[in-house]
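Number of protein chains: 4
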Amino acid sequence: MKNTLGNVLTVTLFGESHGAAIGAVIDGIAAGIPVSEEFICEQLSKRRPKGNISTPRREADSFKILSGVFEGKTTGTPIAVMIENGDTHSSDYGEMKNKMRPSHADYTAQVKYGGNQDFRGGGHFSGRITAAIVAAGALIIPALNKKGIFIGTHIKNIAGVEDRSFEGVEDLKNLEGKDFAVLNDDIKALMTDKIEAARKDGNSVGGILETAVYGMPAGIGEPWFDTLEGELSKALFSIPAVKGVQFGLGFGFANTTGADANDQMQIENGKVVTFTNNNGGILGGISNGMPIVFGTVIKPTPTISREQKTVDISTMSDTLLAARGRHDPCIVHRAAVVADSVTAIVLADMLSVKYGTDWLGE
Amino acid sequence: MKNTLGNVLTVTLFGESHGAAIGAVIDGIAAGIPVSEEFICEQLSKRRPKGNISTPRREADSFKILSGVFEGKTTGTPIAVMIENGDTHSSDYGEMKNKMRPSHADYTAQVKYGGNQDFRGGGHFSGRITAAIVAAGALIIPALNKKGIFIGTHIKNIAGVEDRSFEGVEDLKNLEGKDFAVLNDDIKALMTDKIEAARKDGNSVGGILETAVYGMPAGIGEPWFDTLEGELSKALFSIPAVKGVQFGLGFGFANTTGADANDQMQIENGKVVTFTNNNGGILGGISNGMPIVFGTVIKPTPTISREQKTVDISTMSDTLLAARGRHDPCIVHRAAVVADSVTAIVLADMLSVKYGTDWLGE
Amino acid sequence: MKNTLGNVLTVTLFGESHGAAIGAVIDGIAAGIPVSEEFICEQLSKRRPKGNISTPRREADSFKILSGVFEGKTTGTPIAVMIENGDTHSSDYGEMKNKMRPSHADYTAQVKYGGNQDFRGGGHFSGRITAAIVAAGALIIPALNKKGIFIGTHIKNIAGVEDRSFEGVEDLKNLEGKDFAVLNDDIKALMTDKIEAARKDGNSVGGILETAVYGMPAGIGEPWFDTLEGELSKALFSIPAVKGVQFGLGFGFANTTGADANDQMQIENGKVVTFTNNNGGILGGISNGMPIVFGTVIKPTPTISREQKTVDISTMSDTLLAARGRHDPCIVHRAAVVADSVTAIVLADMLSVKYGTDWLGE
Amino acid sequence: MKNTLGNVLTVTLFGESHGAAIGAVIDGIAAGIPVSEEFICEQLSKRRPKGNISTPRREADSFKILSGVFEGKTTGTPIAVMIENGDTHSSDYGEMKNKMRPSHADYTAQVKYGGNQDFRGGGHFSGRITAAIVAAGALIIPALNKKGIFIGTHIKNIAGVEDRSFEGVEDLKNLEGKDFAVLNDDIKALMTDKIEAARKDGNSVGGILETAVYGMPAGIGEPWFDTLEGELSKALFSIPAVKGVQFGLGFGFANTTGADANDQMQIENGKVVTFTNNNGGILGGISNGMPIVFGTVIKPTPTISREQKTVDISTMSDTLLAARGRHDPCIVHRAAVVADSVTAIVLADMLSVKYGTDWLGE
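Chains as they are written, first to last, in numbering that gives the first Met the number 0: chain L, 0 to 361; chain W, 0 to 361; chain D, 0 to 361; chain R, 0 to 361.
One chain only, chain L, in its complex shape (with noise of 0.2 Å):
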């Protein structure tokens, strides 16, 4: 029960969005990777809200590597990185000590904490902090990528626009540098006007995203509890307004029969290859060799402009409330890279389970 992700190699998460920084600490990682500053930087822009279509709360995301790195090379000891609150609207939020937000995490965190907690902005159920996970796993992703392990999401679903899967390796390329991840950029408008129009109407959007995995190993995971979609989803479900993962044909399966659905498999090149892959790459727990495919649904963001019931937990009594604040009618296309980070970090623990702790930097 613990904010740490990982078993050999782990993530510990702190901070809240309007205290003096947040972050994160890296621990198991392994001496002698390389450390880009600059693929931090183009990694935590992919989460940065921007246009007509993200809150206006705007933020440079600088952050510093406190310890762990050195001359440009992780030491193997762990890492701290800390990305510090700047723009800051407190006073926005003092309606919402007490009274509740409809779907947000507004009254667990007061019964969990028994109303110490740090309410302003979300505090530590901010999506703010996913800055400290996409920091994180941009330390991660470079050394993956290295060893033939490439990880990309797109948005498969906003508000029922759909874009097509994937279908290849050769599509991570295409999803490159792009700040709104569609595979077909002709659904890209249809989305945001989706967006756009949730938003002059004081509403919210969900969505889903589809993350694959090309170059995994096969033989990563355990048969019971610590499985690769066990692991996965749990890192997945951290991710603020997720509520549900599937892998491969995921809640299709129930339609469909044994014959249809099953991965007949084949020689090919000297390699044990499935003809399908309606299972997302993972058998029994364990990565068989194909690409690792998953869908993650992401809920419309709950803080919405417009007036909904709710209770003052101050007075005990019934209230309304219409959000004031910076907020976004969508964060589906912010979550891809947070996807791409809880992936790399859970893929990169698993692995190293299996081939030791040096294995990542060598």
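Do not rely on the hints blindly, as some may be mistaken.
Where chains are identical, the list cannot tell them apart; a pair therefore holds if satisfied intra-copy or between any two copies.
Subject to a maximum C-alpha distance of 27 Å in a straight line, what follows is the list of computed DSS-like cross-link-like pairs (lysine-lysine) [to be verified]:
1. Lys270 x Lys98
2. Lys146 x Lys353
3. Lys145 x Lys353
4. Lys353 x Lys96
5. Lys193 x Lys308
6. Lys353 x Lys72
FYI, nobody ran anything at the bench for these hints, they're computed from the structure.
Add chains W, D and R to chain L, keeping to what the hints say.
Below, chains W, D and R alone, put in the same frame as chain L:
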């Protein structure tokens, strides 16, 4: 990366389908919990194959408690439960040593364990191991009930045939004593017909389970990583054939808006409640006091008697395989009690973290 | 807070002295390690009581491997080892239900488990549980040996009688096959005389074990918390009656100076070695390639037949107790193989973290 | 294998002696604990070097709480504490990049991290990192005090000069405000003379700390592996230079008998107590309600200005080294507050497991 579930209350599994025994060690469970061997038998009976819709392998699942129970109550020390293997037809599986069953764990086990795995009957990957999970759950469920926490799972969908959803805690009574857990009894025959048909056709079908937890206190879970959703999903994904987990509206959130999907709040009898429960009782990774509701998709049983393309791992060549041996045309109904059991284990663990390791026995 | 040892290679204990069985589950052990039942028997034999210097309770310790071994080798899945309890004289212990044996765990168990513990024969606190540790160690030791890592423990001190210290790896050969492990055979009679005398006197004696590990690679351990010393000591303190652990000079360091105690270094055959080994092969929590050497003190067996002042927990009144039942006047010699075993488990775990979970089987 | 201590209340360390900052993340700490920055300062001051008996490196140790504290109290979310590095003379250490300091972690770090470690000033192995432990402990100690649990450490021995032992809880008052924590004030000059003499001689001395915990409830600890002794010793061994830990009589048990050493029991004011406390308050790995008492030996500071034989790792050749830079002729007195701090962390964690994660803040 272990075959262990939990933080302070842990369950460790062991065993292979055709080995000497399977079992579980439950550690960190409070002292003083009454142990009902009769209830354990009842629970084990629920996952036992029955009638034409299941495998002809029939085992008594007679379990033995090796430790941790004294004079009818838990002692507070680790409980080892052992279920000896009886009705094994190992000779059925000779062919399957080298011929990898498509969509099964044969090939991933081969890679992970380098050919040292006990391949007979799926070995450690066999669904039979879930009997040990059920036994562990049966030690915990009565203690949760005593605390006012009640868990139930019904078959929401088999091969496209849908049951109605949970409507209240009284639906759990409705499920009592049912081997085929549906809320709407009229739907049972439609579902079993689908399973029957698949069996006759040498095929298999999948489906969706829906689980509800009533009486769960608010305030349980962590904001990041050890979220309630994350811990539950991790546990659920270790049930063989599970390929997706969703909470509340789940993937349905992609097609809603914040205004429609948000769970607005009110005071009712001095307690904070929500009008709707689209978030399935969890916000910010923490229980909010509403029923916890989630869906789990189970793929069609991969072992089918139809001929399928696969590989022979000893010769690294293409081959064909039509499964012999005994197998289920559908495992959705048998998995319901397993979903209840892992849910009970996860909740008992998370409650023990919050309230202390003695709480469950008080 | 679990009865589990280890990070990626874990050992979980279960069982009570007078229950159905005791045992261990070993998880995360590499696949492909040959399992010798004969060697397990030999190791178990070493801790079995013998002659006049031990308890008359004599058990065959016949173990049964329930899972995780197939065709003579580890499968890579959890290994459950069970040792059924046979020769129990539970009636001997009736008086001890309420009369707390001084310096034993009776009273602390009573408080921790609220009176639900199995009090017969020390229950879960019985030294008998160490047989399961020995069985677990016996699965690992041959694999370490194959890697060139050799572990041995001798009796350094019993009741003030001192054996000489380890002088080199050849001393391990010297210990082979000895039930009473001393390096200087002339000292054995002096020690057993002390034990004999204590037994006749209704008393007991303690002593010190010295363990050496030859062939340990440099670079294993963490700088903080999961130090090699910390992990070893944690494991050693779970051997009943252990009250102190020291590495190298240990408490002797208090009376030296840096100039005298520092292990100066040189190159020998292209390898970095130290002239002395006052640090017992560990610096900064990490192995330095020199032999790992540590001492473990074991207190006199608390159960003695002399009358002692104690309390009756049922009446909360003062009383007297003279232990009946069977007990050892000294357990130092029987604990030597347990020290070897926990050392093997800890090192195998830490090596598996560094080199990966397959390494031990390669 | 992590730089993290604890089960449900965890402390993760980061930082290098000459990097940007050192610090700790404290997770799982209860909400609502008042935080006194003044007390943190006082505690940090205790380990700060002073006078002629310590290194001339003088740092303000001004810490910054980055998260987890709001309006003067813990929020229940992770607390990150950062101490920026100031007074670094990195140039002093140039020679030490390749010349391994005997009995220091230079060589083991070199092997473990493959030469990527930050070698300046001992890097991540520097005693300076213990400032972060002290800061973490200072968040916890007042909460333990409020529960009636009091911890104190005195210098039992420096270079053979002995202080008297603890005689009761009032001795903790005696230690308050002392930078050089002895119970018998007459002994202080004898000890500091030894340190002074060693410094003048280019040498160093070691010693023994004795820690006592008064008011510890009975029933805390596990019988196997996560014993109270095991968890404390594991934590203590991560204090740099610690080479042995003993509870109660410790190594003295080797020369006693059961009749002499057993702690006989009686009822006193309706409570079970022992006449003596030779077991240091712990039986069967579990606290018995008597004071917890243990000794920790600290070796002479390995860095001395005398010339020593060592190796140059860049040329793999023999060389000589006389340490320059600033260093302590003795660190025993500075380590006392660190021993208090790790003790507080371990006990708070184990109490939180037993009583729940909210308990410490109640």
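Status of each hint after checking the structure:
Taking the closest pair of Cα atoms, Lys270 and Lys98 come within 27 Å of each other only across two copies (15 Å); inside a single copy the shortest separation is 59 Å, beyond that limit. Proximity of Lys146 to Lys353 under the C-alpha cut-off of 27 Å is found in both arrangements, the shortest distances being 14 Å within a copy and 18 Å between copies. In this assembly of identical chains, Lys145 and Lys353 lie within 27 Å of each other by CA distance both inside one copy and across copies; the values are 18 Å within and 20 Å between. Taking the shortest Cα distances, Lys353 and Lys96 sit within 27 Å of each other only across copies (24 Å), while inside one copy they are farther apart (46 Å).
With identical chains, the CA atoms of Lys193 and Lys308 are at most 27 Å apart within one copy only, with a shortest distance of 25 Å there and 44 Å across copies. Taking identical chains as interchangeable, the C-alpha atoms of Lys353 and Lys72 lie at most 27 Å apart whether they share a chain (23 Å) or sit on different chains (19 Å).
No hint from the list above goes unmet by this structure.
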